[in-house]
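Novice: Please work from the sequences and hints to get the whole structure.
Listed in order, the protein sequences are those of chains A and B.
When we follow this note's numbering, the leftmost residue of the first sequence carries the number 10, and every step to the right adds one.
When we follow this note's numbering, the leftmost residue of the second sequence carries the number 10, and every step to the right adds one.
Read the hints as simulated data drawn from the structure, not as lab findings.
Computed from a predicted structure; not experimentally measured.
Just so you know, not all the hints are guaranteed correct.
Put simply, identical chains are the same to the list, so a pair is met inside one copy or across any two.
[Said to hold, decoys possible] Straight-line distance between alpha carbons at most 35 Å, and here's what the computed DSBU-like set of lysine-lysine pairs gives:
1) Lys78 / Lys48
2) Lys12 / Lys75
3) Lys12 / Lys42
4) Lys12 / Lys78
Protein chains: 2
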Amino acid sequence: MEKLKFDANGLITAVVQDDAEGEVLMVAWMNAKAIRLTKETGEAHFWSRSREEIWRKGSTSGNVMKVVKLLVDCDQDTILVQVNPSGPACHTGEVSCFFQELRD
Amino acid sequence: MEKLKFDANGLITAVVQDDAEGEVLMVAWMNAKAIRLTKETGEAHFWSRSREEIWRKGSTSGNVMKVVKLLVDCDQDTILVQVNPSGPACHTGEVSCFFQELRD
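Specialist: Here's what the structure looks like:
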């Protein structure tokens, strides 16, 4: 993991994609510990910037995300987390957090 | 566009996805001008943090990205740009910038 480029806060952007459907589900942040926990458990973990704590996705909702593959981009500053989700990714109940078109 | 949450540098994360294939191609940054140019031209524009200038994707390589849809996430701080790419998204020649698995 030594090549990853974390930002000044020790975080890296994580894009979460449904492995089977291809749908982009959400974007969150990971720190080194979240990456380690994700690898160890096979379930997506993030860093919650609002709560300032490790966030096991689905701990509250039950909608955990089983990780199928972890990819890193060419400049090592973004992770793509391909998952098999147990339910909606979004707190609104939508499958994906990207459910609104960008309007003017 | 008034609801978008730009960061302290006036930027917002943009995830780029192949509209037809579903593949996540790259992650970049947009400012308000990049979003406006993207809407006006129908081609993906970003803000280059390294060059500190507007970056019309494909200006050099020819691999422009025709925008099919612009989506925003539930907390308005990430944009999903669904595109029809003219060629590889990655400067390495790979279709996607996410071509490497994350290793230990």
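Novice: Would you mind marking each hint as holding or not holding in the structure?
Specialist: Tested hints:
In the homo-oligomer, the alpha carbons of Lys78 and Lys48 lie at most 35 Å apart both inside one protomer (10 Å) and across protomers (33 Å), since each shortest distance falls under that limit. In this homomeric assembly, Lys12 and Lys75 come within 35 Å of each other (Cα to Cα) both inside a single copy, at 24 Å, and across copies, at 32 Å. In this assembly of identical chains, Lys12 and Lys42 lie within 35 Å of each other by CA distance both inside one copy and across copies; the values are 15 Å within and 32 Å between. In the homo-oligomer, the alpha carbons of Lys12 and Lys78 lie at most 35 Å apart both inside one protomer (18 Å) and across protomers (33 Å), since each shortest distance falls under that limit.
Hint check: no violations occur; every hint is consistent with the structure.
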